[in-house]
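Participant: Sequence:
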Amino acid sequence: MRKIACFWVFICIQTLVFSASARSLIALADSVNFQTISNLVYGNAPDHRNELDIYLPKKHGAKTPMVVFIHGGFWSKGGKHQLPKPLIDLLVGQKGYAMASINYRFVKVGSNKYPTQMDDVSQALQYISSKADSLGYKKKSFALIGASAGAHLALMYAYANDSQKMTKTVVDIVGPTDLSDSTIRGRQGIADATISYFLGNPDAKAEIAKTSSPLFNLSKKTGVPTVIFHGENDELVDVHQAKNLHAKLVQLGIKTELNLYPNETHEMKKSLADVFIKTAAWLEKVYPNR
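Taking the working numbering, I'd label the letters of the sequence shown as residues 32 to 321.
Simulated from the structure, these hints should not be mistaken for lab results.
One thing to keep in mind: the hints can contain errors.
Quick list of in silico lysine-lysine cross-link-like pairs, DSSO-like style, CA-CA up to 27 Å [to be verified]:
| id | residue 1 | residue 2 |
| --- | --- | --- |
| 1 | Lys301 | Lys316 |
| 2 | Lys171 | Lys251 |
| 3 | Lys116 | Lys90 |
| 4 | Lys171 | Lys300 |
| 5 | Lys126 | Lys116 |
| 6 | Lys241 | Lys144 |
| 7 | Lys251 | Lys170 |
| 8 | Lys236 | Lys196 |
| 9 | Lys196 | Lys316 |
| 10 | Lys251 | Lys279 |
| 11 | Lys170 | Lys89 |
| 12 | Lys279 | Lys116 |
| 13 | Lys90 | Lys316 |
| 14 | Lys309 | Lys171 |
| 15 | Lys199 | Lys236 |
| 16 | Lys90 | Lys309 |
| 17 | Lys162 | Lys316 |
| 18 | Lys252 | Lys236 |
| 19 | Lys251 | Lys286 |
| 20 | Lys89 | Lys251 |
| 21 | Lys139 | Lys199 |
| 22 | Lys316 | Lys171 |
| 23 | Lys196 | Lys162 |
| 24 | Lys300 | Lys252 |
| 25 | Lys116 | Lys316 |
| 26 | Lys144 | Lys196 |
| 27 | Lys162 | Lys89 |
| 28 | Lys144 | Lys94 |
For each label pair, taking beta carbons as the anchor points, the in silico distance ranges come out as [stated by the list, open to error]:
| id | residue 1 | residue 2 | range |
| --- | --- | --- | --- |
| 29 | Lys300 | Lys196 | 13 to 23 Å |
| 30 | Gly284 | Ala312 | 16 to 26 Å |
| 31 | Lys300 | Asn75 | 13 to 23 Å |
| 32 | Ser194 | Leu283 | 31 to 41 Å |
| 33 | Val281 | Val72 | 38 to 48 Å |
| 34 | Ser153 | Ile285 | 20 to 30 Å |
| 35 | Asp150 | Lys251 | 33 to 43 Å |
| 36 | Thr296 | Pro233 | 36 to 46 Å |
| 37 | Leu283 | Pro319 | 36 to 46 Å |
| 38 | Asn275 | Asn70 | 20 to 30 Å |
All of these numbers come straight from a predicted model, not from anything done at the bench.
C-beta atoms are modelled at their ideal positions from N, C-alpha and C, and glycine is treated no differently.
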């Protein structure tokens, strides 16, 4: 029991915590340049886990590109409120993109194992696309931004689950790309425990560890332009996971950039402003608003 308690304390500490706007039914955001539509329900999961928020720029229509944020938290904590306010201001308020931020069901000991979260991401994206005509943004077309566990889900959706080819690019911020890797399964015992719950199998060599990993689902056919941000001192997801994904993208001839930050850990606290600026620049190249 003590180990389980310590486990959840650790998860709370390691969750990527970003500031965001408060919950509301529909209200103008802090910036006069965009509108927030909050708590749209896309599924039947309890505890608000199938809700999402949408942010619309002042001027928007059928050609406005949509960017979807998927939060981190070891697949077990966090929420749509983690979409950073500075990123909303930059992409929606200044650059004119539409954005969405989604909740998904948390893995628990004995329940909600993978692919529950992947199913939620797929359902959320279908819902967002279904609202495109009425809310005013581009239909069946997304850029995905994921942080940590959210980056894993974004990459897995793009590389393995997007049969309609709606994903135009992925922004991977400190995402795990290989769930069978010894550095994430062996070096950090609590991370290993989380992944064991997530996959429903403690064996790092089990087939599910590879079939649930973006690195092994990426192919010439499934890959999309991918930009990667990672701290070189990441204590949870070793930087070589980012390097390996980047190398495979290069090998396959898929557009990619790798941005490494010396001395940064998993939280990337000192470098987030640079990450946001480079994200906007990447989107301008591969998923422009025009």
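Participant: Compare the structure with each hint and give your call.
Facilitator: Tested hints:
Annotation: proposed proximity of Lys301 to Lys316 holds, straight-line Cα distance about 25 Å (limit 27 Å). Proposed proximity of Lys171 and Lys251 is supported: the alpha carbons are some 21 Å apart, at most 27 Å. This hinted pair checks out: Lys116 and Lys90 have alpha carbons roughly 19 Å apart, not beyond 27 Å. About 33 Å separates the Cα atoms of Lys171 and Lys300, which puts this hinted pair outside 27 Å; it is violated.
Under the criterion of a C-alpha separation no larger than 27 Å, the hint pairing Lys126 with Lys116 is consistent with the structure, at around 14 Å. The hinted pair formed by Lys241 and Lys144 meets the criterion: a straight-line CA distance of about 15 Å does not exceed 27 Å. Taken as a hint, the Lys251 and Lys170 pair is honoured in the structure, with Cα atoms around 25 Å apart against an allowance of 27 Å. Distance restraint check for Lys236 and Lys196: the Cα-Cα separation of roughly 30 Å exceeds the 27 Å cut-off, and the hinted pair is therefore not satisfied.
With a C-alpha separation of about 19 Å, the suggested pair Lys196 and Lys316 falls inside the 27 Å cut-off, and the hint holds. For a cut-off of 27 Å, the pair hint linking Lys251 to Lys279 stands: about 10 Å separates their Cα positions. Restraint check for Lys170 and Lys89: the C-alpha separation of about 18 Å stays at or below 27 Å, so the hint holds. At most 27 Å may separate the alpha-carbon atoms for a hinted pair to count; Lys279 and Lys116 exceed this at roughly 33 Å.
Between the alpha carbons of Lys90 and Lys316 the distance comes to roughly 21 Å, so the proposed pair stays at or under 27 Å and holds. A distance of roughly 24 Å separates the Cα atoms of Lys309 and Lys171; the hinted pair therefore holds under the 27 Å criterion. Proposed proximity of Lys199 and Lys236 is contradicted: the alpha carbons are some 32 Å apart, above 27 Å. Note on Lys90 and Lys309: the hinted pairing holds, with a Cα-Cα distance of about 23 Å set against a maximum of 27 Å.
Of the pairs offered as hints, the one joining Lys162 and Lys316 holds, with about 26 Å between alpha carbons and a cut-off of 27 Å not exceeded. A hinted pair counts as satisfied when its Cα atoms are at most 27 Å apart, and Lys252 with Lys236 qualifies at roughly 26 Å. Among the hinted pairs, Lys251 with Lys286 is consistent with the structure: their alpha-carbon atoms are about 11 Å apart, no more than 27 Å. Taking the CA atoms of Lys89 and Lys251, the gap is about 38 Å. The hint is violated against a cut of 27 Å.
This hinted pair does not check out: Lys139 and Lys199 have alpha carbons roughly 32 Å apart, beyond 27 Å. This hinted pair checks out: Lys316 and Lys171 have alpha carbons roughly 19 Å apart, not beyond 27 Å. Distance restraint check for Lys196 and Lys162: the Cα-Cα separation of roughly 18 Å lies within the 27 Å cut-off, and the hinted pair is therefore satisfied. With a C-alpha separation of about 35 Å, the suggested pairing of Lys300 with Lys252 is violated against the 27 Å cut-off.
As the CA atoms of Lys116 and Lys316 are separated by approximately 23 Å, the hinted pair is consistent with the 27 Å bound. Restraint check for Lys144 and Lys196: satisfied, since their Cα atoms lie roughly 25 Å apart, inside the 27 Å limit. Under the criterion of a C-alpha separation no larger than 27 Å, the hint pairing Lys162 with Lys89 is consistent with the structure, at around 17 Å. Restraint check: the Cα-Cα separation between Lys144 and Lys94 comes to about 37 Å, which exceeds 27 Å; the hinted pair is violated.
A C-beta distance of roughly 35 Å is found between Lys300 and Lys196, which places it outside the suggested range of 13 to 23 Å. For Gly284 and Ala312, the hinted distance range of 16 to 26 Å is satisfied, since their beta carbons lie about 22 Å from each other. Checking the proposed 13 to 23 Å range against Lys300 and Asn75 shows it is violated: the Cβ atoms sit about 36 Å from each other. Here the CB-CB span from Ser194 to Leu283 is close to 19 Å, at odds with the stated 31 to 41 Å.
For Val281 and Val72, the Cβ-Cβ distance of about 41 Å falls inside the hinted range of 38 to 48 Å, so the restraint holds. Taken as a hint, the range 20 to 30 Å holds for the pair Ser153 and Ile285, whose Cβ atoms sit roughly 22 Å apart. Checked against the hint of 33 to 43 Å, the pair Asp150 and Lys251 fails, with Cβ atoms roughly 26 Å apart. For the pair Thr296 and Pro233, the supplied restraint of 36 to 46 Å is violated, since their beta-carbon distance comes to about 26 Å.
A hinted range of 36 to 46 Å for the beta carbons of Leu283 and Pro319 is inconsistent with their spacing of about 23 Å. Checked against the hint of 20 to 30 Å, the pair Asn275 and Asn70 fails, with Cβ atoms roughly 38 Å apart.
The structure fails to meet hints 4, 8, 12, 15, 20, 21, 24, 28, 29, 31, 32, 35, 36, 37, 38 from the earlier list, while all remaining hints are met.
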